[in-house]
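Asker: Hey, can you piece these two chains together into the complex? The hints should help.
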Amino acid sequence: MESGSLAERSRAVTMRWRLWALVPILLLVGTVSLFAASGGSLLDLVGRSPPPADEFDIRRIELEPGEIRIRVTNPQREDLTIATVTVDDAIVPYELDGSATLERLRSATVVVPYDWVEDEPLSVGITSSTGIQTTGDVAAAVATPGPTAEGFLGYALIGFMVGVLPVALGLLWLPSLRRAAPDWLAAFMALTGGLLTFLALDALAEALELQAALPGALGGTGLVLLGVGASYLGLTFVSQRFATAGAGRGGVLGGLALATLVAIGIGLHNLGEGLAIGTSFALGELTLGTFLIIGFMVHNVTEGLGIAAPVAERRGIGVGRLALLALVAGAPTIFGAWIGGYVTNDVLAVLFFAVAAGAALQVVVEVGRYVARRAPGGLTSGYVVGGFLAGIAIMYLTGLLVG
Amino acid sequence: MSNSRTGVTRRQLLVGAAPVVAAAPFAGLAFANGREREASHRGHDRPHAGHAAMIGPEVPAPGGPHDLDALTYPPAALPYEPGRIREYSLVAQDVDVEVALGVTYPAWTYNGTAPGPVIRATEDDLLRVRFANGGSHPHTIHFHGIHPANMDGVFEIVNPGEEFTYEFPARPYGMHLYHCHATPLKKHIHKGLYGAFIIDPREPRPPAQELVMVMNGFDTDGDGENNFYAVNGPAFYYAKHPLRVSRSQTVRIYLANLTEFDLINSFHLHGDFFRYYPTGSTDHFEYTDTVMLCQGERGVIEIDFANTGLFMFHAHQSEFAELGWMGFFDVQD
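Those protein sequence lines, which keep their order, are chains A and B. Sequential numbering of the first sequence, starting at 1, is according to this note's numbering. Sequential numbering of the second sequence, starting at 1001, is according to this note's numbering.
The hints are simulated quantities; they were obtained by calculation from the structure and are not laboratory data. Note that the structure is a prediction, hence the values are computed from the model and not measured. Beta carbons: idealized from backbone N, C-alpha and C, even for Gly. A hint or two may mislead.
[Stated by the list, open to error] To give an idea of the chain A side of the interface with chain B (calculated C-beta under 7 Å), a few residues: (1) A83; (2) T84; (3) D89; (4) A90; (5) I91; (6) S129; (7) G131; (8) I132; (9) Q133.
[Stated by the list, open to error] Over the 12 Å line for every Cβ pair with chain A, so calculated as not near, a few chain B residues: (10) G1063; (11) D1094; (12) N1111; (13) T1113; (14) N1159; (15) K1186; (16) R1202; (17) N1307; (18) D1330; (19) Q1332.
[What the hints assert, rightly or not] Examples of chain B residues lying across from chain A (beta carbon under 10 Å, computed): (20) P1060; (21) T1104; (22) T1220; (23) G1324.
Looking at chain B on its own, in the form it has when it is part of the complex (with noise of 0.2 Å):
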């Protein structure tokens, strides 16, 4: 499953962005000493940055530079091949992760991360999915998309060290997720237990910049309300980190809301437009800068950056986004 798709170079670290932060809608977090400001009305003309401005290094946010592209740049799609396996392997574990910086949480897992591994398969594949609970609750993957009622994670409970394999043909194509259907279902999911499933349709989409997000959130005091949120697991992960693309081809974002508690979650994406298809199964797209989407909604986003240089996205729930729901692209020639 080796990353395929681009030349581009996102493994560089982002330094000296600091003058675009003073046009960031977040500046009052970057550098809200209000004493400082008061002096540099008197003095100079720019206020001091020198408190952690929210992008780039000094952003409060857990990870290294590639801790999560394996689950920020799926798999390659393949070519339609009939008769095609797909095979798959998750495996349930309970994990301490640190989803905001120094804040760790006792989370549900498929294969150590939350969200768990990206799915891919092309449509009528078939996909055989080995499910191993090696976790200390009973467990299922229930998956979206058209399947057997057998095959479908709700009644075949998987308990602590079994196993269980699903097997059904990819349909139909989109952006899908799954998650685990054991009861209590809000616990289960909120812990971890949940990932994007994609399903390229026959006829390959246009070459493009592939990106996953899976919208989430964890309520690490068990209030009933989410203390960070973010795409792909840490707070703010992809400020401190940014997401270096090309502009001369199309980003196109695998889009998934899997957040518990909220009603809802969005994207909203800074200095452009992008054509948005609900779910991805369909050649309907709307042209928007923000999309809003309900728990288990999702689809399919499409850029062609018009221009160069640090593109904020966020969710355009303001508290969310202040929670750690917020990143940049680095757009560049």
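Isolated chain A (complex conformation) (with noise of 0.2 Å):
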């Protein structure tokens, strides 16, 4: 009964220090709130902080025929109030959807009656009740496109144009695949590794373009590290589940999971291209002409090529099971060209591109832990390095027609 009664004082030893760790939070909460409570006169010890700036965040600027539509966000810790709006430096009447003053991160549309010059660019500026004036450019004034089923189908068109063909048309190089030696096959793995890199890169530089662009009170990096961190994390773990259901061999992933793998990472990447091109025909900044859709659909072959690599070992693969993976790596190219199209936020955009960044760099290492154990002379062959060092040489080059 000794050892008993032993092991029930330990377990309420264990259960005390484990309520210990209450103590730290009580003490801060305490601390905090003398702090508050002494309205903040410790720190006029070192000085007064200077006054807000009390500029305002222009979020987007809508042109529909005769009316500018303003959004503007208040980033501020303190409430900001909407006194004056300018149109290329003239105060013009305006219409507020709601209240002038706004409470911290709260929004407000200023509808301004305008006649607005197509093709011409254009400032609006909002003039706090402290006089700042924040200002928001288009680049060159188009109608924005409304919610019309026409636009809907245009923009699903878009997607499906630069997304879904050009991966399908990717995957039509299995057969040839299927033909090619150990050594080759290994160079076009190393290939969809190289072009995966070259995207997360890329994802991650438009993450961290964006984010620079939002509020400080959004948190930039932070929210870009939370991105990359979650898909890489999340993807790692549907690896994980993807190897033990039996596809792959000690924990490597091949063959059809690898694919899929690979697929899901064009595809979260495939979301974020389709959200900037969307956002920006949206918001007038991109003439989405022939030439740029043209340079997406040569960008985006080399996808397809990428996600028939890991399949080119295994026989009988469906046309289904094709279509399917050509689907996962293309359709969110659509999907995002809709969000980007009609309901623009920041905060998203960055979203996207972080998740798609992590997605990216989870699956290069997936493919390469599948390359060092499948390749003839693993990872340092040089048909393992010439195909890595020639996927991110294509990105690049067929990156300059969309550049």
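Answerer: What follows is the structure in structure tokens.
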């Protein structure tokens, strides 16, 4: 019985120390309330902090015939009041969809009846009651496409053209790949790794660039890290599930499972790409000409090759399966274009690109592990190194088409 | 300093002036809803005027109908009288002023307004201006005109809490101005320390309906460019409250430019011409409808309106006009 009471006592001790974990939290709450109660007088010791900048965040400028709609957010800690609205340095009458005073992170839409000039630049200014003017620019004024059935279909078509179609075309390389020598197959797998590395870096750069424009209150870099981390670890979890389900041996994914993973990685990247296309188009920042669409198509054909390479060894993969893979990788472009075209949200865009970066990175790791195990000469063979570099080079060169 | 000059009732608010606006060059501002306009092409012959028209109560301008009376209507000219002393008292004050509807600006003022009060004397009056600095920075008053060096408001810096009395004979007759000359000069002027300074000739000018207009601007976000322009302070004030004048008597405007940052400013009258006397110190005049003034330049305008109705006046820099420097005369019989 002594041993029992000993165990009980040790359990009680363990419990007590677990409860101890609450003590720092309680102390923190106490300290914070004390500090708050002091009215910040402690800070006076180091001088007065400067007044807030009182700048608004102009989220979106939409143009309709005879009308400009400006979505404005208050990124500051203090309330901000919209006092004056200017268009091209002229004070204009306007209407608001709510109160002129915006609390932190609250938004309002400013509607300005205005006869804007097509294809000419336009600048809007929102002045706070404290006289601080925030300006937003439209590079070339064109009517913002509304949510019409035609527009919806148009974005879907564009998404299909630059996303699904090229990936499907790339998958048609599969029969040729099947007849390739093991060395060359390894080279194509490495090429997949190379192009995914390119996509990962591309998405990360995009995410970091977009977050830099976000108001500080939205925590840009943290948001990027959160997206990258969540998608990388999430995809790691998925790949582990694939591996234990028997798709791979010894924890290394291969074949269809790896191809699926590659497709998911590419799909997430294409979601971001679609978003970027849709947003730029909707906001008149991009002339979505024929050349650009061709550029994206050429750029994305390689993605199909990347998905085909892992399944090249496997026989008997039905056309249905392949079509599904093409959809997984390509269809997100359509969704991205829809989202970008109609609801543009900078936070969402940052998150999308961060998620894409994390996913692509994870798939690079999986592909690397696969190549390391299966390639005749391992990771350092000339075929693998050459293939990897070729993958990056192809993406770079075709990327110039859409730069 | 009661207003002896006119029996004109300028104390009425203008209503029902919308039709005139259709003819105004800022009509685009007034009702720019293109869709409605398209609709009007189809259905009606008049555009929809439901949006804020740039005249009358709908105009986005701060202030009530009489808020600017003290700055708009100068104290009466006094006939020449040898040995007379004219005394004024100016206090520098840091005041938050509403420079455009809903926009406050931390101004530095003489007596609480930007521009400061109108100072008026007759030539050879002894002018005595007591200046107390109740602001937070050193200031002075620098008068334009003829006076001794130690009355020039350049070397005698008046620190916060201190006082200084400027005393000199008012010379020469004309439209002048005064402003702070403490450094940095640009800051002290654009913050609001300036005003009109009228010296009447010993031989009085013919009777007229007299107005003062000090052209100014406010850079509310400190980027070295004015966000708002106006005369006598708030943007669009005289569009919201048109200046009511009588056609039967000359309208005389004492005009000065104290706009900072911009090289020039201007005054343009619609529908009529006027005589412009540069600096107002001679009989020389120009007959025109537009005058251009650099900073510190000023003059006297005399209008004999040929017609009644609403006549716009504004800077002929369109940008200034659309940022607040625009108003109307309501000419009546």
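Asker: To test your reading of the hints: which numbers does this structure violate?
Answerer: Checked against the structure, no hint fails, so every one of them is satisfied.
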